[in-house]
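J.: These protein sequences, in sequence, are chains H, W, E, S, U and P.
For the first sequence, the numbering used here begins at 729 and goes up steadily by one.
For the second sequence, the numbering used here begins at 729 and goes up steadily by one.
For the third sequence, the numbering used here begins at 729 and goes up steadily by one.
For the fourth sequence, the numbering used here begins at 729 and goes up steadily by one.
For the fifth sequence, the numbering used here begins at 729 and goes up steadily by one.
For the sixth sequence, the numbering used here begins at 729 and goes up steadily by one.
Worth flagging that the hints you see were computed from the coordinates, not collected in a lab.
Some hints could be false.
Where chains are identical, the list cannot tell them apart; a pair therefore holds if satisfied intra-copy or between any two copies.
What the hints assert, rightly or not - Restricting the straight-line Cα-Cα distance to at most 35 Å, the calculated cross-link-like pairs of lysine-lysine (DSBU-like) are:
| no. | residue 1 | residue 2 |
| --- | --- | --- |
| 1 | Lys777 | Lys763 |
| 2 | Lys777 | Lys743 |
| 3 | Lys763 | Lys793 |
| 4 | Lys763 | Lys743 |
| 5 | Lys793 | Lys743 |
| 6 | Lys793 | Lys777 |
| 7 | Lys786 | Lys743 |
Bear in mind the structure is a predicted one, so any value in this text is a computation, not a measurement.
Number of protein chains: 6
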Amino acid sequence: MPTIFFYGPELDDEKKRELIDSFTEIASRLTGIDKSAFVVYLRASSPDKVGVGGELLKDRLEREKGSERT
Amino acid sequence: MPTIFFYGPELDDEKKRELIDSFTEIASRLTGIDKSAFVVYLRASSPDKVGVGGELLKDRLEREKGSERT
Amino acid sequence: MPTIFFYGPELDDEKKRELIDSFTEIASRLTGIDKSAFVVYLRASSPDKVGVGGELLKDRLEREKGSERT
Amino acid sequence: MPTIFFYGPELDDEKKRELIDSFTEIASRLTGIDKSAFVVYLRASSPDKVGVGGELLKDRLEREKGSERT
Amino acid sequence: MPTIFFYGPELDDEKKRELIDSFTEIASRLTGIDKSAFVVYLRASSPDKVGVGGELLKDRLEREKGSERT
Amino acid sequence: MPTIFFYGPELDDEKKRELIDSFTEIASRLTGIDKSAFVVYLRASSPDKVGVGGELLKDRLEREKGSERT
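Excised from the complex, chain H in its bound form (with noise of 0.2 Å):
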């Protein structure tokens, strides 16, 4: 029955299953529960939705790659 809950970028699917399979050995493993009984979501949050350190991680993106080109 235990739950995981993955806030972060949109990854592909070949990713997703690495993501989910390794997650879900590791606590497997580390608790004794049995593989099957694991659920994980995976929440996609896109730039325009999160705010990192008081900002919108957008503004802040930009802003890098703005001055990496600088």
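Given the coordinates of chain H, assemble chains W, E, S, U and P onto it according to the supplied hints.
T.: Chains W, E, S, U and P only, in chain H's frame:
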């Protein structure tokens, strides 16, 4: 003020209405808190964003569909 | 794999059983997913850890109790 | 490391910025933890995915709009 | 109906009141939704139940305290 | 800024360390985001606060323990 989150498949409006109504009815009766104070969030989760038993749900559903056909 | 979170007051075991049983029954029927796949988390929230309408719930309950006595 | 989740209506970028900035500012001051450690997730919830008082929010809003017109 | 979750350190009642009041005030103004509809959940998380940068927060705090003394 | 929530059984500190370290390591590699940006919340859930398959987990565990003894 109680709050309920439902992470599950997408539902049509008629089923959403029934789920929200029933959950609120039951929880209001059991807690003694007025129905007006309840909020229910339906957070749909598509099969390519959930892992079950270490496996992407989409992959499992496809495999099961495949084996049904045989 | 559907998962339900209930944020509300502490309940005794008999009420927890009824809430879990009813929620799972209803959601299983509406989604067509077997009851065995459902997990319900009861996350109790005491009145000194919730704000309602901008006010600590504990404060509101005390005020209401006070005004009842009068 | 504190994390804030905001489940509410969709907001435009200007309002998101103000919400993220203000929440982080206040929470940083009250906890004494540096602003850089705060993450705010804006999880929009449309009126056809929330229930209030046992009723789909969409239905309530339509009813209220209807009665305004009369 | 908007709902805010705050995962962070334990706070005393005075700070909880200020956090709940300010968050609700700001969010109500930005969304145009009446303050009475807002619920804020304070979900305390102690340093032995959070990981930051791959490390148990408790371990990091102890290390930092250790190095301050030197 | 990615955030991971783990709802599962209580773990001892050594297992918490391994879970936090492994989850962060894997998720950092798959997302390309620096480990320092990851936060993991361990939200323990005791068997009298979870329902599985419509049943209080505590009840199921007791029944299974009973049948093992026979």
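J.: Decide, hint by hint, whether the structure agrees.
T.: Cross-check of the supplied hints:
1. Taking the shortest alpha-carbon separations for Lys777 and Lys763, both the intra-copy value of 32 Å and the inter-copy value of 18 Å come in at or below 35 Å.
2. Taking the shortest alpha-carbon separations for Lys777 and Lys743, both the intra-copy value of 22 Å and the inter-copy value of 11 Å come in at or below 35 Å.
3. Within a single copy, Lys763 and Lys793 get their C-alpha atoms only as close as 41 Å, which misses the 35 Å cut-off; across copies the closest is 20 Å, which meets it.
4. For the identical chains of this complex, Lys763 and Lys743 are neighbours both inside a copy (19 Å) and across copies (17 Å), given an alpha-carbon limit of 35 Å.
5. Taking identical chains as interchangeable, the C-alpha atoms of Lys793 and Lys743 lie at most 35 Å apart whether they share a chain (25 Å) or sit on different chains (23 Å).
6. In this assembly of identical chains, the alpha carbons of Lys793 and Lys777 lie at most 35 Å apart whether taken from the same copy (18 Å) or from different copies (29 Å).
7. Taking the shortest Cα distances, Lys786 and Lys743 sit within 35 Å of each other both inside one copy (23 Å) and across copies (14 Å).
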